[in-house]
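Sequences are here, hints too, so could you generate the full structure?
Chains as they are written, first to last, in numbering that gives the first Met the number 0: chain A, 0 to 282; chain B, 0 to 293.
FYI, nobody ran anything at the bench for these hints, they're computed from the structure. Here a beta-carbon is modelled for each residue, glycine too, at the ideal position from N, C-alpha and C. There could be a bad hint or two in this list.
[Said to hold, decoys possible] In silico lysine-lysine, DSSO-like type, Cα no more than 30 Å apart, as pairs:
1) B:204 - B:188
2) B:253 - B:78
3) A:192 - A:57
4) B:78 - B:62
5) A:282 - B:188
6) B:188 - A:270
7) B:204 - B:62
8) B:155 - B:253
9) A:53 - A:2
10) A:282 - A:270
11) A:282 - B:155
12) A:192 - B:14
13) A:57 - A:45
14) A:110 - A:192
15) B:155 - B:78
16) A:2 - A:110
17) B:253 - B:62
18) A:2 - B:204
19) A:110 - B:155
20) A:282 - B:204
21) B:188 - A:2
[To be verified] Here are some chain A residues the structure puts well away from chain B; computed CB gaps all over 10 Å:
22) 24
23) 46
24) 56
25) 63
26) 66
27) 72
28) 95
29) 135
30) 196
31) 198
32) 203
33) 215
34) 241
35) 242
36) 264
37) 276
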Amino acid sequence: MLKAWSIRIAVLVVLAVFLFPLYWMVLTSLKSRIDVGTSPPQFVFKPTAANYAKVVRKVTRTYDGRVEVGPSDFPGALCNSLVIGALSTLAAVVLGTLSAYAFSRFRIPGKGDLLFFILSTRMLPPVVIVVPVYAMYTAVGLRQTHLGLVILYAAFNMSFAVWIMKSFIDEIPREFEEAALCDGYSRWQAFCKVVVPQIYPGAAATAIFCMITAWNEYVFAMVLAADTPLVAPYRIVNTQVTTSGTAFEEIAALSIVFLLPVVIATFLLRKHLLRGVTFGIVK
Amino acid sequence: MPQRRFRSLSDDRLKFLLIAPTLALLLFIVIYPLIRSLVWSFTDYGIGSNAAVHYVGLRNYSKVLSDGNTWLRFQTTGKVVVLAVALEFMVGFGIALLLNRHMRGRGVITTLILVPMMLCPAVVGMFWRYIFDANCGVANGLLVIMGFERVEWLSKPGPALVAALVVDVWMWSPFVMLISLAGLSAIPKYLYEAAEVDRASAWFKFRHITLPLVAPLLIVALLFRTVDTFKLFDMVWILTYEGEPLMISAQIYKDAFRARDTAVACATAYIVLVIVIAVSNIFIRYLNRVQLKD
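Given below as C-alpha cells:
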C-alpha cells in the first residue's frame with residue numbers, strides 16, 4: 000500500500016516537472032508587462048487578456064505619445080505556416096506513399112541502399128544543406144517564396160514519409176492485391192482499390208507528423224525566407240524588443256496560440272507516436 | 000469488368016514511375032547542393048559577393064583543421080552530445096521504469112510527458128530564455144527561494160551549457176521514455192515470475208532480464224538521439240542569445256552567413272558530413288540487423 004502511494008507521488012512529481020515550463024508559459028501569457036518583469040517571479044497576480052488581444056491587434060506608440068491600433072502580422076504568419084505546411088505535407092505523403100508501395104512490393108535493384116540513402120538525408124544537419132540551397136535558391140529565384148519552402152519541406156519530410164508508409168504497407172497482406180490482380184485488375188487499380196483504402200489511417204497519422212515538422216521548422220525559414228514569407232516560428236522568435244526589454248508576455252501568448260494545435264495533434268497521434276518518432280522502425 | 004487502361008503499364012515501368020519523383024526531389028534538394036558545396040570548399044567563394052571565384056586547393060580544409068576555434072567547437076559539440084544523451088537516458092529510462100505498471104490514467108500521463116518533444120525547438124528556446132532570465136526568470140526565483148545565489152545563466156559559458164542541457168533533456172528524455180516503455184512492456188511476465196520462484200534479487204532481475212531484453216530498442220534510441228543532438232542548432236542558438244555553447248552547426252552558420260566566409264563553412268560542413276555519415280553507417284548497419292529479425 001505504501002509502495003503504491005510512493006509510486007503515485009513520484010509519477011505526479013515527474014508530471015509536474017515536465018509540465019511546469021508549459022504551465023509557466025500559460026501564466027506568463029496572462030500577465031501584464033510589470034508582473035512579467037518582477038523579481039521574484041509572481042505566482043499570484045491579476046490576469047489580463049491584453050497579450051492575447053495582441054495576437055490579432057498591433058498596438059504601437061508613436062513618438063508624440065499617441066497610440067495607434069492596427070492589424071497584427073501574426074495571423075498572416077500562421078496562415079503562411081499552415082499553407083506551406085499543408086502543401087509540403089500533401090507532396091511528401093503522396094510521393095512518399097507511392098515510393099513506399101514500390102519499395103514494399105517490388106523487387107528493386109539496390110533496394111536496401113536506396114532506402115538507406117533516403118533515410119540518410121534526414122541525418123544531415125540542416126546547416127550543412129542550407130548554405131548551398133541558399134545559393135541555388137537565389138540563382139533560380141526560389142528564395143523568399145512560398146514554393147521554395149514547400150519544395151524544401153516536402154524533400155525534408157520525404158525520408159520520414161517513405162519509411163513510415165512502408166512500415167504501414169508492409170503490414171497489409173499481399174494476398175489481397177494478388178486476388179485483385181487475378182480478378183483482372185491492373186497493378187495500379189489494385190493499389191488504388193485495395194491498398195489505398197487500408198492505409199488511410201496510417202497516411203493520416205503520417206500527414207500529421209509531416210505537418211508538425213514543417214510547422215516547427217526554423218533554420219531553413221530563417222535563412223531562406225526571413226520575413227517573406229513570414230512564418231509563425233520566425234515571427235515569435237523575432238518579436239520586437241521594446242524599450243522595457245523583451246516582451247516575454249507577448250511571446251508567451253503567441254507561443255500558446257502556435258503550440259496548442261501541436262499539443263492537440265500529439266493526443267490525436269498518441270497510438271502512433273512510437274512508430275512516428277522511429278520512422279516506422281519500432282512499431 | 001475493371002478498366003484496362005493501365006494494363007500496358009508493366010510492373011517494371013510502374014515501379015520506376017513510383018520511385019522516380021521521390022528520388023528526383025532528393026537529388027534536387029540534397030545531392031545537387033552537396034556537390035555544389037563540395038566544389039566551393041576548394042575555392043574562395045563568399046555568399047552574396049560578386050568577386051571572381053578562385054580555386055584554392057586544400058587551403059580551406061587546412062585552415063579549418065589547424066584552426067583552434069573549430070577544434071573548440073567540435074569539443075563543445077562532443078561535450079553536449081555525450082552529456083545530453085547520457086542524461087536523457089537516465090531520466091527517460093527512469094521514468095519508463097516508473098510508468099511500466101498498471102495505473103489509472105497511464106495513457107494520459109505518458110502522452111502529457113511526451114508533449115515537449117513535439118514542440119517547435121526555436122519557440123521552446125525562446126521561452127526558456129525567459130525562464131533562465133537572470134533577473135526575472137523563474138529558475139533564479141526558485142534558486143533564491145531555496146536559499147541559493149542567483150546565476151547569470153545565459154551570459155556565461157558554464158551556466159549556459161547547463162541551461163542548454165536542461166532544455167534538451169526536458170525536450171528529449173520523453174523520447175527515450177517512449178522507446179523504453181515499448182521495450183519494457185514487451186518483456187513477458189513469466190520471466191519475472193520464474194526469477195521470483197528462484198528468489199532472485201531485484202538487481203539480478205534488472206541486470207539479467209530487463210536490460211538484455213530492452214537493449215536492442217535502447218540502441219535504436221541511442222543512435223537517434225546521438226545523431227539529433229549532433230545536429231542541434233536552433234534551440235541552443237536562440238536560448239543563449241547566439242552565444243555559448245557554440246556547437247559546430249552554429250560555427251558553420253556564422254561562417255557562411257555572418258562572416259561571408261562561405262567556402263570555409265562548406266569545408267567545415269564536409270568534415271561534419273564525414274562524421275555524420277560514419278555515425279549513420281553504424282546506425283544503418285544496426286537497423287539492417289534489427290529489420291532482418293522481423
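Do the hints match the structure? See the list:
1. B:204 - B:188: holds (12 Å)
2. B:253 - B:78: holds (20 Å)
3. A:192 - A:57: Judged against 30 Å, a Cα distance of about 51 Å means the pair is violated.
4. B:78 - B:62: holds (23 Å)
5. A:282 - B:188: holds (20 Å)
6. B:188 - A:270: holds (23 Å)
7. B:204 - B:62: With a Cα-Cα distance of about 54 Å, the restraint between residue 204 (chain B) and residue 62 (chain B) is violated, given a limit of 30 Å.
8. B:155 - B:253: Measuring from Cα to Cα gives roughly 20 Å; hence the hint holds.
9. A:53 - A:2: violated (49 Å)
10. A:282 - A:270: holds (10 Å)
11. A:282 - B:155: Measuring from Cα to Cα gives roughly 43 Å; hence the hint is violated.
12. A:192 - B:14: OK: residue 192 (chain A) and residue 14 (chain B) at ~18 Å, within 30 Å.
13. A:57 - A:45: With a Cα-Cα distance of about 23 Å, the restraint between residue 57 (chain A) and residue 45 (chain A) holds, given a limit of 30 Å.
14. A:110 - A:192: holds (26 Å)
15. B:155 - B:78: The given pair, whose Cα atoms are some 16 Å apart, holds under the 30 Å limit.
16. A:2 - A:110: violated (52 Å)
17. B:253 - B:62: Given pair residue 253 (chain B), residue 62 (chain B) holds - Cα atoms ~16 Å apart, limit 30 Å.
18. A:2 - B:204: Holds. Residue 2 (chain A) to residue 204 (chain B) sits at ~19 Å (cutoff 30 Å).
19. A:110 - B:155: violated (49 Å)
20. A:282 - B:204: Holds. Residue 282 (chain A) to residue 204 (chain B) sits at ~26 Å (cutoff 30 Å).
21. B:188 - A:2: holds (20 Å)
22. 24: Not fine: 6 Å to the nearest Cβ puts residue 24 (chain A) too close to chain B.
23. 46: Its Cβ never comes within 10 Å of chain B, the nearest being 17 Å, so this holds.
24. 56: Per Cβ check, residue 56 (chain A) is outside 10 Å of chain B; nearest 21 Å; holds.
25. 63: Residue 63 (chain A) clear of chain B: closest Cβ-Cβ about 30 Å, beyond 10 Å.
26. 66: Answer for residue 66 (chain A): holds, closest chain B Cβ roughly 25 Å.
27. 72: holds (17 Å)
28. 95: Incorrect as stated: the minimum Cβ-Cβ distance to chain B is 7 Å, not above 10 Å.
29. 135: violated (6 Å)
30. 196: holds (15 Å)
31. 198: Non-interface label stands for residue 198 (chain A): nearest chain B Cβ at 14 Å, farther than 10 Å.
32. 203: holds (16 Å)
33. 215: The claim breaks: residue 215 (chain A) does not keep its Cβ more than 10 Å from every Cβ of chain B (closest is about 4 Å).
34. 241: Non-interface label on residue 241 (chain A) holds, nearest chain B Cβ at 14 Å vs cutoff 10 Å.
35. 242: With a cut-off of 10 Å, residue 242 (chain A) remains clear of chain B, as the shortest Cβ separation is near 16 Å.
36. 264: Contrary to the label, residue 264 (chain A) does not stay out of reach of chain B, its closest Cβ about 7 Å off (not over 10 Å).
37. 276: Given that some Cβ of chain B is not farther than 10 Å from that of residue 276 (chain A), nearest at about 6 Å, it is violated.
Comparing the model with each numbered hint stated earlier shows that hints 3, 7, 9, 11, 16, 19, 22, 28, 29, 33, 36 and 37 do not hold.
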